[in-house]
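Student: One letter stands for each residue in the lines below.
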Amino acid sequence: NAGVTQTPKFQVLKTGQSMTLQCAQDMNHEYMSWYRQDPGMGLRLIHYSVGAGITDQGEVPNGYNVSRSTTEDFPLRLLSAAPSQTSVYFCASRRQGARGQYFGAGTRLSVL
Amino acid sequence: AQKITQTQPGMFVQEKEAVTLDCTYDTSDPSYGLFWYKQPSSGEMIFLIYQGSYDQQNATEGRYSLNFQKARKSANLVISASQLGDSAMYFCAMSATNAGGTSYGKLTFGQGTILTVHP
Chain A
134 NAGVTQTPKF QVLKTGQSMT LQCAQDMNHE YMSWYRQDPG MGLRLIHYSV
184 GAGITDQGEV PNGYNVSRST TEDFPLRLLS AAPSQTSVYF CASRRQGARG
234 QYFGAGTRLS VL
Chain B
594 AQKITQTQPG MFVQEKEAVT LDCTYDTSDP SYGLFWYKQP SSGEMIFLIY
644 QGSYDQQNAT EGRYSLNFQK ARKSANLVIS ASQLGDSAMY FCAMSATNAG
694 GTSYGKLTFG QGTILTVHP
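Protein chains in written order, with my numbering: chain A, 134 to 245; chain B, 594 to 712.
For reference, chain A alone in the conformation it holds in the complex (with noise of 0.2 angstroms):
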């Protein structure tokens, strides 16, 4: 039982690449999330979702896409990546009724 992991755990981009964060939880979690972590500014959700096939924007969507084709899997799509994404990237999963929510180790992404 591996909990929520993502790959990778850091990453050095270019402005203007593009690439894709993997998260995947083996626990059958309905909940799905991404946030990200800038300093002084806790954490923000960028999109989550309650099933696969179902994905909705959260605070700052802006510049990500995300897809949910499996319960397992929730990808977050860089498209052009800029220097202000630059942050630490956190997904996580919650069984429906659950309160807490698992967090993956994270992903450290720098955008030059």
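Keep in mind that the hints were calculated from the coordinates and are not lab data.
Hints are supplied without guarantee of correctness; some may be wrong.
[Claimed, not checked] Below, simulated SDA-like cross-link-like pairs (lysine to any residue); rule was C-alpha separation at most 25 angstroms, straight line:
id	chain 1	residue 1	chain 2	residue 2
1	B	K699	A	R241
2	B	K699	A	L212
3	B	K609	A	A238
4	B	K596	A	T219
5	B	K666	A	G191
6	B	K699	A	R232
7	B	K699	A	K147
8	A	K147	A	A215
[Stated by the list, open to error] Selected chain A positions facing chain B (in silico; Cβ < 8 angstroms):
id	residue
9	M174
10	L176
11	Y181
12	G184
13	R227
14	Q234
15	G239
16	S243
Everything numeric in this text was worked out from a predicted model, so none of it was measured.
Glycine included, each C-beta is placed from N, C-alpha and C at the ideal position.
For this one, chain A is given, so just place chain B on it according to the hints.
Tutor: Only chain B this time, still in chain A's reference frame:
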């Protein structure tokens, strides 16, 4: 819209003493849940405690308790008998819930409080 305010950027406490981390919130949702998370220097987010807006009693989880004052819109975390391993960043968060108290999973976080426990 929801807003969480943590006014203490940093707090210090002596080992074995209790400490209170402040959290105030604002929301228009009739039903909501309040959460506290711990983030050690290693970076992972650890769920500590949850309080539903309609819960009659304050939540407790081991050495953690949540001092919930609904009229004041505050949800302070109390850590009793502090340990060196409690040194970390602590985040208060909230989420709208349905009438049954089930969170929708969309968390709004505060800016966090760095707690340092001195030996």
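Student: Please write out, lowest number first, the hints stated earlier that are contradicted by the structure.
Tutor: 3, 7, 12, 16
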